[in-house]
Structures are given as structure tokens and as C-alpha cells.
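A.B. asks: As you go down the protein sequences, you meet chains A and S in turn.
In this text, residue positions in the first sequence follow our numbering: the first is 1, and each later residue adds one.
In this text, residue positions in the second sequence follow our numbering: the first is 1, and each later residue adds one.
Calculated from the structure, these hints are not laboratory results.
Be careful, since some hints might not be right.
Quick partial rundown of chain S residues pointing at chain A, CB under 8 Å, derived from the structure [stated by the list, open to error]:
| hint | residue |
| --- | --- |
| 1 | V14 |
| 2 | H28 |
| 3 | C36 |
| 4 | V40 |
| 5 | L46 |
| 6 | L47 |
| 7 | A49 |
| 8 | G62 |
| 9 | I64 |
| 10 | L67 |
| 11 | V71 |
| 12 | V106 |
| 13 | L109 |
| 14 | T134 |
| 15 | A153 |
| 16 | A161 |
Examples of chain A residues lying across from chain S (beta carbon under 10 Å, computed) [as the list claims (entries may be wrong)]:
| hint | residue |
| --- | --- |
| 17 | W6 |
| 18 | V30 |
| 19 | A54 |
| 20 | F64 |
| 21 | T69 |
| 22 | A71 |
| 23 | L77 |
| 24 | T96 |
Glycine residues also receive a C-beta, built at the ideal position from the N, C-alpha and C atoms.
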Amino acid sequence: MVPLWWNIVLGVALFVIGAGGVLLRRNILVVLMSLELLLNSVNINFIAFGHYYADSRGQIFAIFVIAITAAEVAVALGILVALVRNTSTLRADDVTLLKG
Amino acid sequence: MVQGLYLLFGAASVVTALTLVLARNPVHSALALMACFLQVSAIFVLLEAPLLAVIQIFVYVGAIMVLFIFVIMMVDVREAVLQRFLPGSNLPALVLLVLLGTEMLVLVLWSGAFSVTPPPAGGEGIALRQLGTTLFAEYLLPFEVASVILLAALVGAIVLAQKEPR
Numbered sequence: 001m002v003p004l005w006w007n008i009v010l011g012v013a014l015f016v017i018g019a020g021g022v023l024l025r026r027n028i029l030v031v032l033m034s035l036e037l038l039l040n041s042v043n044i045n046f047i048a049f050g051h052y053y054a055d056s057r058g059q060i061f062a063i064f065v066i067a068i069t070a071a072e073v074a075v076a077l078g079i080l081v082a083l084v085r086n087t088s089t090l091r092a093d094d095v096t097l098l099k100g
Numbered sequence: 001m002v003q004g005l006y007l008l009f010g011a012a013s014v015v016t017a018l019t020l021v022l023a024r025n026p027v028h029s030a031l032a033l034m035a036c037f038l039q040v041s042a043i044f045v046l047l048e049a050p051l052l053a054v055i056q057i058f059v060y061v062g063a064i065m066v067l068f069i070f071v072i073m074m075v076d077v078r079e080a081v082l083q084r085f086l087p088g089s090n091l092p093a094l095v096l097l098v099l100l101g102t103e104m105l106v107l108v109l110w111s112g113a114f115s116v117t118p119p120p121a122g123g124e125g126i127a128l129r130q131l132g133t134t135l136f137a138e139y140l141l142p143f144e145v146a147s148v149i150l151l152a153a154l155v156g157a158i159v160l161a162q163k164e165p166r
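One chain only, chain S, in its complex shape (with noise of 0.2 Å):
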């Protein structure tokens, strides 16, 4: 049941993937990106990590996606549409692909390493509270350095996005 859902869910995201980079338009590629992180976020379900499906849903499609969109929205993209776009163009690039994937799933499936390794002991899953206390008792200091980095990434957005003083 949970492997057919796993099949069904990942298989949506790489088409939703495939629809991102392949389509003309930019609002549709923001569409299949959002699309995709919901398959994703049903992924994390599945591997029993229930806070990081809420958290993908609410930060990525909820505020980073309509960012794109209200991006999307300012600036024109008509211009964009119109150009070309051809994947064959870029030869050595479609090379390192190709190369890049098969390296990693060669070193990936010939390893065993991944499929003949049992689980060590436990396996009852990651209990919230667990989580909650290792994040806010050993991570505190980069909980907090993000939190300030978050903080100087808007004030830096908001002065970027504004007009010069003359």
C-alpha cells in the first residue's frame, strides 16, 4: 500500500518536474512547481515525517510560490514566452546531465551499501517531542543563526525592491 503510494506520488513529481523545465510559459512552470511540491510533501508522509509535510506546504507553496507569482505578476513575461527554446541547443550541458545522473545512480546501486544494510535498532519512528527537543536544546545556536539570517534576507529584499532616491 505505502510502496504503491510512494510509486504514484513520486512518479507525479517528475512528470510535474518534467512539465516545470519543459514549459514555455513561466506561469505554468510556477503551476508545476507548486504541483510538484504537494507530491513531494505526500512523499514526506510517507516517510513518517509529518511536521516537514506541514512545513513544505505552508513555506513553499504557501509563501515562496506565491512570491514567484506576485514576481510574476510585476514583471513581463510576454517577451518570454515568445522566445525560443530549444533543449538540444546546449550540447555539452545535456552531456553533463546525462553523465551526472548515471554517476550518481551507478554509485548509488552498485554501493549495496543502500539495499542489504538493515535498520539498526528502534525503528518506531521520530516522535515530535524528540524532534522539538533537539532542535531547540542541541541546535539552538543554528536555529537562531537562521533566524537572523531570515531576518537580514528580508531587510535586504526590501532594499533591493526599492526605487533609487534621486
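Same shape as in the complex, but just chain A (with noise of 0.2 Å):
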């Protein structure tokens, strides 16, 4: 049986990791996956205390975590892919049409 504070610990491990390359990179693929380590980091908590618990909830939540994912990835993609087409830059300093 694995103490839960190991979860916990691997739980912020990913997480800050995730976010290092949400807010250091600045290739948007990059960041779109570092994106989903934050998502599976997440995910690893809601199993880590449905499993400690035995409650069932942890793992429908991860479910609904993972198919929203599935979502998002496939809209930012397709949102990527137009951009490239128009502006055929992949870095975000060079996407600023929201500033004004």
C-alpha cells in the first residue's frame, strides 16, 4: 500500500513541472503539452484519494477529466493549425492580435 503522501508529492512534482513549461517555453506546442501534464498530474490526485477512500467518484471524475482534455486538444489544435497557416509562426511573443 503506497502512503498517500507519495501521490500527493509526485501529484505537485508534475504539476510544477507542467507549468514550468506553460510559463518558460515559448514553442504553443510546447505549451499544449505541457498543458495535458498538468491535466494527467491532476488526475493522478483524483485516483490517488478515490483509492484511498474506495470511493468510486475519483475515478468518474478522471474520466470526465480526460474525455474535456480530449476536447480542448482537439479545438487548440485546430486553432494552431489556422494560425499557421496564416501568420506561419509558432512562437506566442509573435501571437499578439488580442493586444490592441
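Make one complex out of these two single chains by using the hints.
C.D. replies: Laid out in C-alpha cells, this is it:
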């Protein structure tokens, strides 16, 4: 039986690494992949607590998180393809259309 | 045994996640993320959630990462390989990350609620039948909403990615 705080520490480590990827990298593709890592670290916590309290709702919420992640990735990659077709850049600093 | 395997998979997932963030080439990042998802699904097996482990492999490794690699194939990533990447160049973000990590660790490890409290009665694990019954009885409406969201996202992605009519 794995102690619960191991799961939390693993979730924190993956979350901080993913947030570092979102904040520090300037490549849009790598930023999107780091977002996947963030959502996955949250899933670890859901399943760990569901296992700890013998409650099936942790797994159910993890399933919902995975479904919403799939939708988010589909839309984000569609936007990315349209963006690359129009501006042919992958740097997040070059995309400031909403800045006014 | 389980603890040793957990440590092994956890360390491998952290290493591959670091590779994802630090790799210069987006293709290497995608492969590292795929390896990280496999480690996390192994951790799900250790946490007695085999259904989630299979869903993780099918959806993340099978669908999402293939989508990422298709997009990497479609766009030109050679420019991204050449551009500079300095982790120390953005000092406020680094400080924010260190503060975030230490805050979460300190709050969790000092509270003592997660290491002292014994699990409540039961503890024989979650049966797959119970999981399915709860999902399709109690959470039927969120399930249907999630499927509608997925459909809308697929249609939206097709509309966004197609060429504009002239």
C-alpha cells in the first residue's frame, strides 16, 4: 500500500514541471503538451484519493477530465493549424492579435 | 514491492516530464510526453484503477499524442528548433514556480491529515461494476454533456482547420 503523501508529492512535482513548461517555453506546441501534463497530474490526485477512501467518484471525475482534455486538444490544435497557415509562426510572443 | 514499483514509475515520470520541458526539438518533447503518459498509466495500475490505466493509454497515447505528431508533421518545426531557449531568462516565472511548489508541499506535509488518518472501513478496492453503475446512474447527465462537448469540439476543430472559402 502506497502512502497517500507519495501520490501528492508526485502530483506536485508533475504540476510544477508542467507549469514551468507553460510559463517558460515560447513554443506553442510545447506549451500545449505541458498543459496535458498539468491535467494528468491532477488526475493522479483524483485517483489516489478515490483509492484511499474507496470511493468510485475519484475515477469518474478522472474520466470526465480525460474527456474534456480530448475536446480541448482537438480545438487547440485546430486553432494552431489555422494560425500557422495565416501567420506561419510557432512562437507565442508573436501572436498578440488581441493586444490592441 | 508495490512501493518499489511506485518509486520507479514515479521517478521515470518525473524524468520524462523534465525531458518534455527541456527538450529543444518538439518531436523529442512529444515522445517524452508519450513515455510520461505510459508511466502515469502504470501508476494508475498500482493505485488499483485498471480501467483508468487503459483509458489513459487509449486516449492519451493513442489519440492525443497521434494528433500532436500529425500537427508537428504539418507545421514546420525547424524554426522552433533553432530558436533560443534559456530557462533562466524569465526570472519572475521561475520564482513563482518555486514558491508554488514549496507552498503546496509545505501545506500538504505539515497538515498531517494525509499521513495519519487511516482509511475508512471497506478498503477492498473499487469494483468495476460499482464504477459503471455510479457513472451511468448518478452521473448520467454530466456523461451526456461530456459527449455533446466532444461532438461540438470535433465539429469546431474541423471548421477551424479548413481553408477559408473565397
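A.B. asks: Tell me if the interface restraint on A:A54 is satisfied: Cβ within less than 10 Å of some Cβ in chain S.
C.D. replies: Result: holds, 4 Å to nearest chain S Cβ.
A.B. asks: Would you settle whether the hint for S:G62 is holds or violated, based on the nearest Cβ-Cβ distance to chain A being less than 8 Å?
C.D. replies: It is violated, given that the least Cβ distance between S:G62 and chain A is near 11 Å, above 8 Å.
A.B. asks: Are S:L109 and chain A close enough, Cβ to Cβ, to be under 8 Å, as the hint says?
C.D. replies: holds (6 Å)
A.B. asks: Would the hint on S:V40 stand, with a C-beta cut-off of 8 Å toward chain A?
C.D. replies: holds (6 Å)
A.B. asks: Using the nearest Cβ pair, does S:I64 come within less than 8 Å of chain A?
C.D. replies: Result: holds, 5 Å to nearest chain A Cβ.
A.B. asks: When the nearest CB of chain A is found for S:L47, is that gap smaller than 8 Å?
C.D. replies: Cβ of S:L47 sits 5 Å from chain A, so the hint holds.
A.B. asks: Taking the closest Cβ pair, is A:F64 under 10 Å from chain S?
C.D. replies: holds (6 Å)
A.B. asks: Have a go at the A:T96 hint: is there a Cβ in chain S nearer than 10 Å to its own Cβ?
C.D. replies: violated (17 Å)
A.B. asks: Identify whether the interface hint at A:V30 stands, where standing means a beta carbon of chain S within less than 10 Å of its own.
C.D. replies: holds (5 Å)
A.B. asks: Measuring from the C-beta of S:A153 to each C-beta in chain A, is the shortest one below 8 Å?
C.D. replies: S:A153 check passes; min Cβ-Cβ to chain A is 4 Å, inside 8 Å.
A.B. asks: Quick check on S:L67 please, does its C-beta sit within 8 Å of some C-beta on chain A?
C.D. replies: Cβ of S:L67 sits 6 Å from chain A, so the hint holds.
A.B. asks: Classify the hint on S:A49 as holds or violated, based on whether any CB of chain A lies nearer than 8 Å to its CB.
C.D. replies: holds (5 Å)
Against the hints set out earlier in the document, violations occur for numbers 2, 8, 12 and 24.
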